[in-house]
Amino acid sequence: DAGVTQSPTHLIKTRGQHVTLRCSPISGHKSVSWYQQVLGQGPQFIFQYYEKEERGRGNFPDRFSARQFPNYSSELNVNALLLGDSALYLCASSLTIGESSYNEQFFGPGTRLTVL
Amino acid sequence: LAKTTQPISMDSYEGQEVNITCSHNNIATNDYITWYQQFPSQGPRFIIQGYKTKVTNEVASLFIPADRKSSTLSLPRVSLSDTAVYYCLLRGSQGNLIFGKGTKLSVKP
Chain Y
43 DAGVTQSPTH LIKTRGQHVT LRCSPISGHK SVSWYQQVLG QGPQFIFQYY EKEERGRGNF
103 PDRFSARQFP NYSSELNVNA LLLGDSALYL CASSLTIGES SYNEQFFGPG TRLTVL
Chain W
3 LAKTTQPISM DSYEGQEVNI TCSHNNIATN DYITWYQQFP SQGPRFIIQG YKTKVTNEVA
63 SLFIPADRKS STLSLPRVSL SDTAVYYCLL RGSQGNLIFG KGTKLSVKP
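Quick mapping for you: the protein sequence lines, in order, are chains Y and W.
Just so you know, we're using the numbering used here here: the first sequence kicks off at 43 and counts up by one.
Just so you know, we're using the numbering used here here: the second sequence kicks off at 3 and counts up by one.
None of the hints are false.
Calculated cross-link-like contacts (lysine to any residue; reagent style SDA-like; alpha-carbon spacing at most 20 Å):
#1 Lys-106/W <-> Gly-84/Y
#2 Lys-110/W <-> Asn-21/W
#3 Lys-103/W <-> Asn-27/W
#4 Lys-5/W <-> Arg-99/Y
#5 Lys-106/W <-> Gln-79/Y
#6 Lys-103/W <-> Gln-86/Y
#7 Lys-94/Y <-> Phe-111/Y
#8 Lys-94/Y <-> Ser-69/Y
#9 Lys-106/W <-> Thr-74/W
#10 Lys-106/W <-> Val-80/Y
#11 Lys-103/W <-> Asn-101/Y
Everything labelled a hint here was simulated from the structure, so no lab data went into it.
This is chain W alone, in the form it adopts within the complex (with noise of 0.2 Å):
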C-alpha cells in the first residue's frame, strides 16, 4: 500500500502562508492526491484533491511536481481558525482513503 510522510505538527501566527509537504515516492500511476482538514471530535472535511501540476480553490491550493512522488498545500493567510489536523492521503485501488497521522496545524495570535 502506498504511504504517505508528512511533518508531525508545524506552527504558525496569523496571516502567515503556511506550506505543508508530504512525500510519497510509491505512488501508483492511477492515485490521486487529497487533503482533509480534521477539527477535535469532527470528520475529516475534504480540502482540496489533485493528481498534477497545481490546483486552486477558494480555501488552498495544492502543488505537485512532475514526479509526483511529493505534493505541497499552501493554505493563504491563516487564521486561527485553521487550527487542526491536516491529512494528506492517496485514494487506495478501492476508492478508500488511506490516512496517516497527519499534521497538527497550530496557529498563533
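Here chain Y stands alone, though its shape is the one from the complex (with noise of 0.2 Å):
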C-alpha cells in the first residue's frame, strides 16, 4: 500500500513568489495535515482538514492557505514568499480527528522549500 506522497520533492523559489504543495493521504484516510518544519526545530503545525473542511488553524499569517479536494488530496498555498518560508513541508494523513489514540498520523517524505 502507498504511504502518503508529496509533490514536489524539492523546490526553489524567489521571494514574492507563491507556491503550491500538494499531499495524497493514505487511501481510506478522510484528514490531512499540514506542517512546517525548520531547519533544526521540530514541525510546526499550519493547518489540519477533515472531509474538506478546514478543522485546525496553527500560527501562520494569512499567506498560508490550503484546501482538500472530494478524493480527500490536498493543496498548500503561501503566497509573497519570504526568506524565511524556507523549510521542510510536512504533510500527514490519518483516518479521523480528534483526542482518540486511534488517529494516528501517518507524516509524508516532504516537500523541501527553498526561498531566495
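Could you use the hints to bring the two separately framed chains together as a complex?
Below, the structure is given as C-alpha cells:
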C-alpha cells in the first residue's frame, strides 16, 4: 500500500512568488494536516482538514492557505514568499480527527522549499 | 498550550538500552502522550503512544507514572540505525500534534 505522497520533493522559489504544494493521503484516510519544519526545529502545525473542511489552524499568517478535495488530497498554498518560509513542509494523514488514540498521523516525506 | 521538555541530545552505544524522559507538567486530562522518530530529510514516524502506566510494542516501551507529568521512552538494545531525533508530544485539542525540539540520539559503535 502506498503511504502519504507529496509533490514536488524539492522546490526553489524567489521572494514574492507563490507556491503550491500537494499531498495525497493514505487510501481511506479522510484527514490531512500540514506542518512546517524549519531546519533544527520540530514540525509546527499549520492546518488540519477533515472532510474538505478546515478543522484546525496553527499560528501562521494569512499568506498560508490550504484546501482539501473530494478525493481527500490536499494543497497548501503560500503567497508572497519570504526567506523565512524556507523549510520542509510535511503532510500527514489520519483516518479521522480528534483525540482518539486511534487517530495516528502518518507523515509523508515532505517537500523541501527553498526561497532565495 | 501544553508543552513538553526533553533533553536536547543523548549519546549511547550499540546494544545498550536507551531511556529518554519527557516532562509535560501541564498535560490535560484527555491528552495522549505520543513519541515519533525522525531521520534527516524524512517525515516523522510514529513509535508508540500511551495514556497511563506502561505500553509496549515491538520497538519500544513507554512508561507513564500515575500523575502523568512525565513519560519515559525506552529503546532496548539500540543499533546504529536508531540514530535519529525523537519527539515526545501531546495531541492537541484539535487532534493536531504539538512538537517540541526533540532529542537527538546518537548511537556509536
